[in-house]
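Below are the chains, spelled out letter by letter.
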Amino acid sequence: MNPVLKKTLVAAGLMAASASAYAGCGISAGNVNIIGNEFPAIQTIGAGAVACAGDGVEVKANLTKEHKDLQVPGLTGNPAEYTVAIVANSSIVPLMNDGLIRPLDDLIAKHGGNFNDKQKISIGGKTMAIGFMANAQHLVYRKDILEQAGIEAPTTYEEVLAAADVIKEKGLMKYPFGAAYAAGWGIAQEFNNMFLGFGGEFFKEGSAMPNINNEMGVNALNMMKSLTDHMNPDFLTLNNNEINAEWKAGNVALMQMWGSRAGPLLDGEGSAPGIADNTILAAPLTVGGGSIPATTLWWDGFTIAKNISDEDAEASYLAMVNAIDPSIMNAEVAKQAVWMIDGYEPTPASAGVFATINAGAKPYPMIPYESLLHTALGNELPDFFSGKESAEKTLADVEAAYETAAKEKGFL
Amino acid sequence: MLLFIFLPIISVVTQSLHIDHEQVFVEVENCDFFGCKKAMAVDTEATEQLRAEQPLGRFVGLDNYFNRSHLASSEIATAWKNSDSFGEFYDQVYNLPLYRAIIFTLVYTFTVTPLLIILGFLIAIGVNSLHRHLKGFVIFFSLLPMIVTPLVGSLILFWMIDSRGIIGSSLQHLFNDPNLSLKASTSLTWITLMVYGVWHSAPFAFVIFYAGLQTLPQDTLESAMIDGASRWERIRYVVIPHLMPLVTFVALIQLMDNFRVFEPIVGFNASAHATSLSSIIFSDLGGESRLLSSASTTSVLTILGVIVLLSPVLYRTWRDWERKV
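Protein chains in written order, with the numbering used here: chain L, 8 to 419; chain V, 67 to 391.
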């Protein structure tokens with residue numbers, strides 16, 4: 008038999024065995040169906056929940072990049088298709104807006120669970136989600152390249168520009184800086200980071216009126232534009248995966264990357280020789296003399312659908328509590344994320360995210376209309392970067408596009 | 067027809083005349099790992115009640131059609147008043163999402179359709195004159211672009227034109243410009259998308275024309291040869307008139323196909339430089355907050371666009387048919 012196939016079969020057998028060993032997790036009846044993102048840490052959580060299947064209890068997980076598009080329709084029906092949605096601080100908001108998830112306080116009171124109080128995410132005094140990991144975008148740099156260029160690791164975006172100039176002048180790299188500036192969600196997120204770094208507030212106080220067409224917004228766009236001079240000219244089409252590939256190929260020396268995706272860069276798989284050893288995950292950058300880092304903090308957690316039977320809700324809760332139990336922690340799992348679970352010992356892969364938390368970065372806002380602004384930014388900002396418009400005009404367009412969408416959704 | 071065409075259109079039209087209920091806000095305290103913060107949230111119970119009273123949402127008449135995301139009547143009026151030249155007016159119109167999408171969609175449709183008909187015809191003529199042992203083999207290869215899934219086809223080309231890809235870096239060498247990037251410039255992106263469109267659809271025209279060539283009246287061709295007509299003259303006066311009904315057919319199908327250009331924009335990650343009617347509908351429907359009314363409005367406008375676009379061809383077909391009957 009082909010050795011790979013054999014290993015797979017053995018692994019499948021082991022998984023089946025462990026599934027039956029864990030079968031139950033205290034679940035007497037009900038069905039569980041999970042929707043969530045697909046990065047390694049969430050795969051681990053999904054597998055943990057699926058291990059509770061057996062004895063007439065069905066546990067399924069649909070972990071996909073398209074989770075954002077699926078979760079609202081998937082939880083809207085009655086009964087809902089999915090009983091559990093694994094969300095982040097941005098994606099819990101549409102579920103809250105439509106009232107699609109249930110408070111977990113009753114379930115916690117009845118079944119408890121091996122997690123600490125900090126993991127409870129509460130909205131208006133009700134626990135709506137149980138968090139299990141934190142995430143953030145932060146600086147990643149190449150120690151060897153900076154040494155060759157004779158520069159210190161940058162702590163501000165201004166220093167990044169200076170460092171990139173030196174690296175270029177010395178002929179070490181053509182495009183030393185990398186970040187996910189692809190049109191759409193990515194470039195909008197980079198604007199959000201930079202805007203917060205300059206001290207901006209997205210909305211006028213106490214209303215849904217946008218507040219980005221101001222000095223902070225213009226400064227943020229101009230700083231991003233200066234950075235693009237040091238980026239691969241295709242930057243409007245490059246996402247996290249492509250930027251990571253550029254990193255592994257040794258084409259980039261300074262990069263803004265997600266903690267959850269930067270970890271794998273340290274183990275050297277798929278990297279050109281010498282790159283992984285010199286990859287350092289560092290604190291996020293500040294900008295414009297500000298003290299708040301130009302980045303946002305994120306959490307991931309699970310929520311339970313409202314439009315399902317109480318039996319399914321209990322089964323879902325028990326399966327998910329089992330999946331985030333401190334007993335899942337081992338060397339392999341610890342590397343996958345910055346876990347908020349008891350018993351987690353920080354690994355080198357978590358350095359950047361912890362530095363971000365300690366630097367006092369702001370969490371990505373959980374505001375009902377934030378995602379509309381995010382979408383408007385993603386659609387309108389590319390005009391500025393392809394040189395068609397001034398910063399002020401672009402920001403005015405973003406506000407106009409946002410206001411049209413917000414009127415349609417009933418926010419304005 | 068009633069179930070699959072009429073009812074969906076009715077539902078889309080209805081949706082496009084409504085918007086969501088006014089959201090009732092409450093201020094709440096959100097707490098997570100990173101601390102607590104006061105923020106606005108939707109009062110779901112109050113909103114739920116509004117929704118129960120009026121399940122369709124708020125009726126707004128044609129407001130959705132004339133807002134900034136669609137026909138943008140007030141923005142167009144302002145642009146007309148404030149611009150001194152036509153170029154300036156065009157720039158302002160191009161800045162509005164729907165018009166930008168319409169402009170790209172129309173340029174794409176009317177560039178790609180004629181080019182693919184010409185290219186398909188040339189391939190058909192070429193293949194038809196090959197030795198019969200070669201034909202099967204060449205036909206298979208000519209059909210490949212159409213067999214390849216559009217998304218996969220566009221991804222392959224997308225990687226090749228990357229500034230580190232084979233075509234991208236060859237062009238940099240050829241023009242001696244290390245910063246040349248096909249993906250960074252709007253006009254080059256448009257050209258790439260159109261080249262891809264022709265590449266992908268020419269085999270369709272080729273197959274139809276090749277089938278048509280098999281029914282060429284040999285008598286007419288031979289008599290033309292005896293009269294001393296050159297190869298070009300035979301094509302001009304015998305082959306093309308014979309294939310004309312097929313040209314109408316291919317044009318009709320391809321106009322419809324190209325008008326809903328979508329996959330290449332996704333495959334080429336080109337949304338920064340090119341949006342089409344289908345791609346803006348898709349982006350309205352995707353993401354965390356879906357804009358159903360906006361998407362429906364664009365859909366209704368697209369349906370109207372297709373009707374306008376096809377009316378000359380349909381009229382012509384109808385007239386031909388009438389004449390025959």
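Watch out, some of these pointers could steer you wrong.
Here are the simulated distance ranges between beta carbons [stated by the list, open to error]:
#1 L:Lys-177 with V:Ser-139: 53 to 63 Å
#2 V:Pro-74 with L:Ser-214: 48 to 58 Å
#3 V:Ser-139 with L:Glu-339: 43 to 53 Å
#4 V:Thr-80 with L:Thr-83: 43 to 53 Å
#5 V:Ala-290 with L:Ala-252: 36 to 46 Å
#6 L:Thr-83 with V:Pro-74: 12 to 22 Å
#7 L:Lys-67 with V:Ile-213: 30 to 40 Å
#8 L:Glu-165 with V:Leu-254: 28 to 38 Å
#9 V:Thr-144 with L:Ser-316: 51 to 61 Å
#10 V:Val-173 with L:Ala-252: 24 to 34 Å
#11 V:Thr-215 with L:Ala-338: 52 to 62 Å
#12 L:Thr-354 with V:Asn-242: 20 to 30 Å
Chain L stretches covered by chain V per the calculated footprint, using a threshold of three residues with CB under 8 Å from any CB of chain V [unchecked claim]:
#13 32-42
#14 130-141
In case anyone wonders, no lab produced these hints; they're calculated from the structure. Even glycine gets a Cβ: it sits at the ideal position worked out from N, Cα and C.
Now for the hints, and whether the structure bears them out:
Evaluation of the 53 to 63 Å hint for Lys-177 of chain L and Ser-139 of chain V yields a pass: the beta carbon distance comes to about 56 Å. At about 37 Å, the beta-carbon gap between Pro-74 of chain V and Ser-214 of chain L misses the expected band of 48 to 58 Å. Roughly 59 Å separates the CB atoms of Ser-139 of chain V and Glu-339 of chain L, a value that falls outside the hinted 43 to 53 Å. Between Thr-80 of chain V and Thr-83 of chain L the C-beta distance comes to about 19 Å, which lies outside the given range of 43 to 53 Å.
Range check, Ala-290 of chain V to Ala-252 of chain L: Cβ separation about 59 Å, and the 36 to 46 Å hint is violated. A beta carbon spacing of about 19 Å between Thr-83 of chain L and Pro-74 of chain V agrees with the range 12 to 22 Å that was offered as a hint. Evaluation of the 30 to 40 Å hint for Lys-67 of chain L and Ile-213 of chain V yields a pass: the beta carbon distance comes to about 34 Å. At roughly 32 Å, the beta-carbon separation of Glu-165 of chain L and Leu-254 of chain V lies within the given 28 to 38 Å, and the hint holds.
Between Thr-144 of chain V and Ser-316 of chain L the beta carbon distance is about 55 Å. The supplied range of 51 to 61 Å therefore holds. Against the hinted window of 24 to 34 Å, the Cβ-Cβ separation of Val-173 of chain V and Ala-252 of chain L comes to about 33 Å, which satisfies the hint. At roughly 41 Å, the beta carbons of Thr-215 of chain V and Ala-338 of chain L sit outside the given window of 52 to 62 Å. Between Thr-354 of chain L and Asn-242 of chain V the beta carbon distance is about 48 Å. The supplied range of 20 to 30 Å is therefore violated.
Coverage of the segment 32-42 of chain L by chain V is violated. Counting CB-CB distances below 8 Å, 0 residues qualify, and the rule asks for three or more. Against chain V, the segment 130-141 of chain L contributes 5 residues with a C-beta closer than 8 Å to a partner C-beta. That satisfies the three-residue criterion, and the hint holds.
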